[in-house]
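Could you put the whole structure together from the sequences, leaning on the hints where they help?
In case you want the letters, here they are:
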Amino acid sequence: MITFVLIGVLVAGGTFLIQQRSLVKVIFGLSLWSHAANFILLSAGVAAWRAEPLADRTAAADAADPLPQAFVLTAIVITMAVTVFMLALAMIGHNDDTRRMPETGEVHDR
Amino acid sequence: MNGGVLPFSIALLGLLVAVTPLVTRLLGRASGWPLAAAYLGVAALLAPAAGRVLDGEPVTWSRAWFPALDSSFALRADGLGVVFAAIALVIGAVVLAYATSYLGEGRQTSFYWLMTAFTFAMVGLVLADDLVLLFLCWELTSLASFLLIARSGTSAEGASMRTLLITGLGGLFLLAAVAAIVARLGTTSLHEVLDSPVWAEDPAFATLVAVLVGLAAFTKSAQVPFHVWLPDAMAAITPVSAYLHAAAVVKAGIFLMLRFSPALHDVVAWNVLLVVGGLLTALVGGFTAIRQQDLKKLMACSTVSQLGFITAAIGVGTYHALAAAVLHTIAHALFKSGLFMMVGVVDGAAGTRELTRIPRLVSQMPVSFAVMVLGCASMAGIPPMLGFLSKEELLAAYGETPGGQLAGVVALAVGALGAVMTFVYCGRVVFGSFVDGTSDREIKPVSPVMIGMAALPIVVGLPLALAVGVLDTTVGAATQAAVGGPLEDPIHLALWHGFTLELFISVGIIAVGALLVANRRRLTPFVDGRRLAPDSATVIGAIRDGLARVGDLAARGVRADHPSRHVSINTAAVSVVLLGGVIAVRDDLAAQPLQDNLMRPFDAVVLVLMALSVLGVAVSRTRLAATLCLSGVGILATAQIMALGAPDVGLTQLLVESLTIIVIMLVLQKLPTTFGNPRRDGHSRLLARIGLSVLSGVAMAAGTWALTSRRPRSDVAMYYLEEGPVETEGANIVNTILVEFRALDTLGELAVLAMAGVAVVAVLSSLRHEYLDPPPAKNRWYVKPPEVTLTGKGTTAYRAIHRTWPNTVPLQLMVRFAAPVLVVISAYLFWRGHNAPGGGFIAALVGSAIVALMYLSTSRDRQLGRPRLPLFLIGGGILIAVASGLWGLLAKGSFLEPLHAEALGQHWTSSMVFDLGVYLGVLGLFLMTVNLLGTSEGEAPAPGEEWTRERVDEAFEGELPGPMDTVRGERADDHPGSRVGVRTHHVSQGVPPREVGR
Chain B
1 MITFVLIGVL VAGGTFLIQQ RSLVKVIFGL SLWSHAANFI LLSAGVAAWR AEPLADRTAA
61 ADAADPLPQA FVLTAIVITM AVTVFMLALA MIGHNDDTRR MPETGEVHDR
Chain C
1001 MNGGVLPFSI ALLGLLVAVT PLVTRLLGRA SGWPLAAAYL GVAALLAPAA GRVLDGEPVT
1061 WSRAWFPALD SSFALRADGL GVVFAAIALV IGAVVLAYAT SYLGEGRQTS FYWLMTAFTF
1121 AMVGLVLADD LVLLFLCWEL TSLASFLLIA RSGTSAEGAS MRTLLITGLG GLFLLAAVAA
1181 IVARLGTTSL HEVLDSPVWA EDPAFATLVA VLVGLAAFTK SAQVPFHVWL PDAMAAITPV
1241 SAYLHAAAVV KAGIFLMLRF SPALHDVVAW NVLLVVGGLL TALVGGFTAI RQQDLKKLMA
1301 CSTVSQLGFI TAAIGVGTYH ALAAAVLHTI AHALFKSGLF MMVGVVDGAA GTRELTRIPR
1361 LVSQMPVSFA VMVLGCASMA GIPPMLGFLS KEELLAAYGE TPGGQLAGVV ALAVGALGAV
1421 MTFVYCGRVV FGSFVDGTSD REIKPVSPVM IGMAALPIVV GLPLALAVGV LDTTVGAATQ
1481 AAVGGPLEDP IHLALWHGFT LELFISVGII AVGALLVANR RRLTPFVDGR RLAPDSATVI
1541 GAIRDGLARV GDLAARGVRA DHPSRHVSIN TAAVSVVLLG GVIAVRDDLA AQPLQDNLMR
1601 PFDAVVLVLM ALSVLGVAVS RTRLAATLCL SGVGILATAQ IMALGAPDVG LTQLLVESLT
1661 IIVIMLVLQK LPTTFGNPRR DGHSRLLARI GLSVLSGVAM AAGTWALTSR RPRSDVAMYY
1721 LEEGPVETEG ANIVNTILVE FRALDTLGEL AVLAMAGVAV VAVLSSLRHE YLDPPPAKNR
1781 WYVKPPEVTL TGKGTTAYRA IHRTWPNTVP LQLMVRFAAP VLVVISAYLF WRGHNAPGGG
1841 FIAALVGSAI VALMYLSTSR DRQLGRPRLP LFLIGGGILI AVASGLWGLL AKGSFLEPLH
1901 AEALGQHWTS SMVFDLGVYL GVLGLFLMTV NLLGTSEGEA PAPGEEWTRE RVDEAFEGEL
1961 PGPMDTVRGE RADDHPGSRV GVRTHHVSQG VPPREVGR
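Note that the protein sequences, when read in sequence, are chains B and C.
Position 109 of the first sequence, counting from 1, maps to 109 under the working numbering, and the rest follow consecutively.
Position 240 of the second sequence, counting from 1, maps to 1240 under the working numbering, and the rest follow consecutively.
If you're looking for bench data, these hints aren't it; they were derived computationally from the structure.
Just so it is clear, CB atoms sit at the ideal spot from N, CA and C, and this is done for glycine as well.
There could be a bad hint or two in this list.
Said to hold, decoys possible - Covered stretches of chain C (in silico footprint by chain B; criterion: 3 or more residues with CB under 8 Å from a CB of chain B, positions within the stretch not fixed):
no., segment
1, 1421–1431
2, 1563–1573
3, 1592–1601
4, 1663–1673
5, 1737–1746
6, 1758–1766
7, 1770–1781
Set out below in structure tokens:
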């Protein structure tokens, strides 16, 4: 039950931040959403079983579901990649206001 | 018979596509010669098979392909296939040879590469005996022709897009036809489809397919109303026009109609569509050609008109008419490719293609004049050229138009009118470009290779017409394929075939035409300058703008450059649906209660701290404070993950969190210190945001409560827990899932990582330096370093504040000690990943931590590693991962299936190689990130520092003296003359390039 509330808190914080003008805040909001999504995935593995899924130390009867863990591990690294990409966007022009598009210096001759 | 030579030839052409970049690297523009020789080699390879085909024995080859579609990679050479393949290869060879002199110096890789790709697709198309294969090759020819036109630069952008729009539309028609046929007949085999009795039995279905196939062919062959793309496409260079618009792409449409003719020639809709459309096209094309002032566009319009003649003959559908269509296809491919190349010769000599501005070339270029006269004579249908013979055959064919004698007479009359127009514009070409000119422009010499190659296909038409009997079997075999059965009587072609009606009409056409050409000056006012109809660009532009306006209206509700609007709408929608759903099923949930023992006291501690951290991120005014709170969230998430029994995930989360915070700090130094004031947006908006946040949070929590934790562990979980360690001999089940069971997912994830790294380079390299890192004078958020007034320059206090280097000494000392230890830890984590928490990701993140430490310990921004190292690491990682997958495919027959072995008392598995690929990819991404995002801001980079843009360019180009001044789509190589970029010092150091003069 507590995990569900935790998910709610993270999602609410993420939603609030994602609606802001600053791209850095949006990125932070996305980070909170990612944490929430990861916990939703782990929750799908049912939190009643919490022993590490290491075959040589834990009996299968106690072990946590390893599949959501593999998904979440993948998701964490992808989140890092997306965050890095968005941070690069935020840095452009040394200004991260999303309502003011950065100039690019491109000249369209059409 | 077994036609192994067919796939072999196509594979050879595919190989040619692959090696062309190498050839152009070695030979530059002269690559046309070996490629032309290769084309002729493939043609020679196909010749024995073609011989058997002409003897009436089709050559076939087939392999299973797409079993789910019941489709096979089936090839079948019949008369049509042989004729069109020969046209594509032989004319292609001539055009490639011509291009060696036409093109400018340089590699010209894209031209040769696309030309070979096009030929590959075209030969595949004409030899295909499977509807799916046919469709794929058809689309490939569309794409290749689009790219060939688009490569001509900015001026061709609009034209190439219009071409793609129209031919793409045709592709959809063909796809619909193929889908309808496969759904109805249940087979994708082309010859079975054509032999099916359904065409006679089900007129409605036959009509549907006839219209779809006809429209598809119309788009490719530029028939009214789809003809507009062809004159437009003249933006492409002349060799492209000569090949695409005489021999290849437009002939693909003709081929499609002939290919389906056996099934459809008795369908009334087919006859009407093709005859009416074709003759209308012949008239429209002829009329616009007469009015054209640009020589090349005139040729384009004449192509439209000639294709109209062929289409109408195919529509007539009798075997004489089909024979005439085949013969005129051959004749047109010869004379029109030559004439297009002659336009290039005239253009080269006069420097213009405007008829009014071309000087009198006849006296200086008599050979070219003779070639042009012969080519135009063939097009105009003057004996003894091949074009005369085919034109006569066409006229005879129109007389056989189904639907009564009146239809035949009308078709014949319209055809004759079209032929008169042809004669007139041929006269315009010859006299306009060589005789009538009054301009005194300088006439430049033209390479004899160009004139020779242009002359070749034209001059061949002369002996071919005199001894036209040699074409009897070829045309006969092709006609037989187009009729779909044995011929009533064998084809017998002869230049002289008695005093027939067509001969008299021909004489009349020539007489009227000659009269009009002789009086061309009096006709000039009639044809010049008046616009009767809007041109293609205007029409398509208007359609596109209209559609864009509709789309604009539809998107107005959700579209915004900043994300908050559509994110808000989507989040609200999801939340409402989820919450509504939970409320709706609340009674059913009681039947399936939550599992026991879901909570631990520790969870409550995390929740409280997490709520405080999240609140901190949300309300922080300064960026630094928000980042600190965010790192708190990350650490707490790690703790909660560990508490849920996921050590691998926890380790990953911890390392990713640390590295992400470092990257955020790097970026923050370039951004304002505080966020904007949230109250600026108004009180009500703030309330709305909070309301939506609470709604979404409640909905997600309720959704997770309703949808998870209501069953014991899943069957999949139990399978992994019980069978995983046995199958993989690895104890760390999560790691074995990542690298063995679901390695394809992990490969996809690696690709996402790589793409993010490449995308950062791509985005940042599309901005000019001053917009990426604006100088402090133009950046109103720039904060100058505080001025600390300290007396005594030699004092410790002064050094501590003003010199960065002494400040970094402790960290540098620590790195010397810590880095080797971390290397060992990273290697150990990598090695033990299969059995204990660790593996490629975690080990790579530890490796990235070394990178981060080294970067942070330098006294100012310095690039770590060689400039291109990150991209090599990323690319190498993916290659290694894919290679380990292919290894599994070869050894075990399944992509990414791991191999296991026991050696040296250890268990070894090939999934460790895969994990190595993951390791390199992650490390490359992080190295790239610190190098690109960590650049410092300020007036000018200190020695050893670089601007962001320069770093980005160096990540791709290698060491540079300064940032390049290119933007999206440009490369340093694009400016060889002006040297903007790689070698100029103007941008980086303010030294202007040397100029001519004193």
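Against chain B, does the segment 1737–1746 of chain C show at least 3 residues with beta-carbon separation below 8 Å? Check passed, 5 qualifying residues.
The segment 1770–1781 of chain C covered by chain B? Criterion: 3 or more residues, Cβ-Cβ distance below 8 Å. holds (count 7)
Do three or more residues from the segment 1563–1573 of chain C put their C-beta atoms closer than 8 Å to C-beta atoms of chain B? Per the Cβ count (5), the hint holds.
With a Cβ-Cβ cutoff of 8 Å, does the segment 1592–1601 of chain C contain at least three residues near chain B? holds (count 7)
Using C-beta distances, would you say chain B covers the segment 1758–1766 of chain C, given that this needs three or more residues below 8 Å? Held - the segment 1758–1766 of chain C has 5 residues with a Cβ nearer than 8 Å to chain B, which meets the minimum of three.
At a Cβ distance under 8 Å, does chain B reach at least three residues of the segment 1421–1431 of chain C? violated (count 0)
Test coverage of the segment 1663–1673 of chain C by chain B using CB-CB distances below 8 Å; three residues minimum. This one holds; 7 residues, not fewer than the three required, reach chain B with a Cβ under 8 Å.
Of the numbered hints stated above, the single one contradicted by the structure is hint 1.
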